[in-house]
Amino acid sequence: MSGPLKFRVKHLYKTLLHLGKDYPKGYEFFRSRLHASFLRHKDVKNPEEVEALIAKGEYVVKELEALYMLRKYRTLKKRYYDS
Amino acid sequence: MSGLRVIVGCKRVIDYAVKIRVKPDKTGVITDGVKHSMNPFDEIAVEEAVRMKEKKLASEVIAVSCGPTQCQETLRTAMAMGADKSIHVEVDAATYENLQPLHVAKILAKVAQEEKADIVFTGKQAIDDDCNQTGQMVAAILDWPQATFASKVEKVDGGLTVTREIDGGLETIKVKVPAVLTADLRLNEPRYATLPNIMKAKKKPMAKKKPADYGVDVGPRQSVLKVEDPPVRQAGSKLDSVESLVAKLKDAGLVPS
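Taken in sequence, the protein lines are chains L and B.
Counting in my numbering, the first sequence runs from 6 upward without gaps.
Counting in my numbering, the second sequence runs from 1163 upward without gaps.
The following block holds chain L by itself, in its conformation from the complex (with noise of 0.2 Å):
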């Protein structure tokens, strides 16, 4: 894989492993999924499927943010607004 396609899924592994902490299932639980998901996908070496499957990892980053906010947003709401 190439320099700057390397440095990139380097920084989407980062950045997932850093939102994991916050994984309602436990950081051990999201890691080992995580590192079990990128290793799949360790021979790829087509760069347009490597985009493809950042694009894919940038769409979780998305998700798992909004998860995190509604979970948030919800328990809270329930806790001090009578609904």
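Quick caveat, the hints were computed from the structure, so don't treat them as lab data.
Check before you lean on any hint, since a few could be wrong.
Calculated Cβ distances over 12 Å to all of chain L for the following chain B residues [unchecked claim]:
#1 1164
#2 1192
#3 1219
#4 1295
#5 1348
#6 1353
#7 1360
Capping the alpha-carbon separation at 27 Å, the derived lysine-lysine pairs in DSS-like fashion look like this [as the list claims (entries may be wrong)]:
#8 B:1362 / L:67
#9 B:1364 / L:19
#10 B:1365 / B:1217
#11 B:1181 / B:1278
From the three backbone atoms N, C-alpha and C, an ideal C-beta is built for every residue, glycine too.
With chain L fixed as given, assemble chain B onto it according to the hints.
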């Protein structure tokens, strides 16, 4: 006016998703090894202040936290979200057990004066003690107007228009600046602090102070007698007819027979 200077109070609390456990000796809750994070309402205040800066309404956002060394993590999160600098007012762990909103309000008031702040922004209440007092006390000490439970803040000529969430619905008020604001849940959705921003935040200035620097005595004004779990909810019972319900109510003396 050129850019408001905003102080944001951030409290480090036990993370909202953690199940709270009372210590066996009933003197408090277990905090050792428990995940902590910034009070969610304070996150909302930080987000609002940063958005004001992005809209060029605010010129500087300063995050402040009172407590032990770990509070610096909370301040770094605030700076990762966009605060320009932070102030850590160090209070040792033992004193922190009895630190109350009045102490914090006195400190925040002094910080606001020293930093020539235009706005003091905090969350409406902390999710651990649920006091809902700090913002109001700061306003009283500084003799500033207060707009609490803010769900919308707009800059207008002569001050701010704030929509407040109150029991009956929404109330819109106008306050002159300088003012104290407290953030309610629907004010905004805070951004998640990304890794690159957390790295950048390490380079932002963090001043380390003590309550004595502000002439505030943080000695305890109260002592905790007992901390207990809430009582276990009694199971209800299902009745099959109106007659049996009325009979049960009469038995319990709740309805005259």
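Would you mind confirming whether the straight-line C-alpha gap from residue 1365 of chain B to residue 1217 of chain B stays at or under 27 Å?
-> OK: residue 1365 of chain B and residue 1217 of chain B at ~24 Å, within 27 Å.
In terms of Cβ atoms, is chain L entirely out of 12 Å range of residue 1360 of chain B?
-> Per Cβ check, residue 1360 of chain B is inside 12 Å of chain L; nearest 8 Å; violated.
When you check the alpha-carbon spacing of residue 1362 of chain B and residue 67 of chain L, does it fall within 27 Å?
-> holds (21 Å)
Beyond 12 Å from each Cβ of chain L, as asserted for residue 1192 of chain B | holds (19 Å)
Interface-negative label, residue 1219 of chain B against chain L, beta-carbon threshold 12 Å = With a cut-off of 12 Å, residue 1219 of chain B remains clear of chain L, as the shortest Cβ separation is near 24 Å.
Test the statement that residue 1353 of chain B is away from the interface with chain L: the closest C-beta pair must be farther apart than 12 Å.
-> At roughly 9 Å from the nearest Cβ of chain L, residue 1353 of chain B sits no farther out than 12 Å, so the non-interface label is violated.
12 Å Cβ clearance of residue 1295 of chain B from chain L | Non-interface label stands for residue 1295 of chain B: nearest chain L Cβ at 16 Å, farther than 12 Å.
With d taken as the least Cβ-Cβ distance between residue 1348 of chain B and chain L, does d exceed 12 Å?
-> At about 9 Å from chain L, residue 1348 of chain B fails to clear the 12 Å cut-off, so the statement is violated.
Proposed proximity, residue 19 of chain L with residue 1364 of chain B (alpha carbon, max 27 Å) = holds (17 Å)
Verdict on residue 1164 of chain B as a residue remote from chain L, using beta-carbon distances over 12 Å | Correct as stated: the minimum Cβ-Cβ distance to chain L is 33 Å, above 12 Å.
When you check the alpha-carbon spacing of residue 1181 of chain B and residue 1278 of chain B, does it fall within 27 Å?
-> violated (40 Å)
Going through the hint list in order, the structure does not satisfy hints 5, 6, 7, 11.
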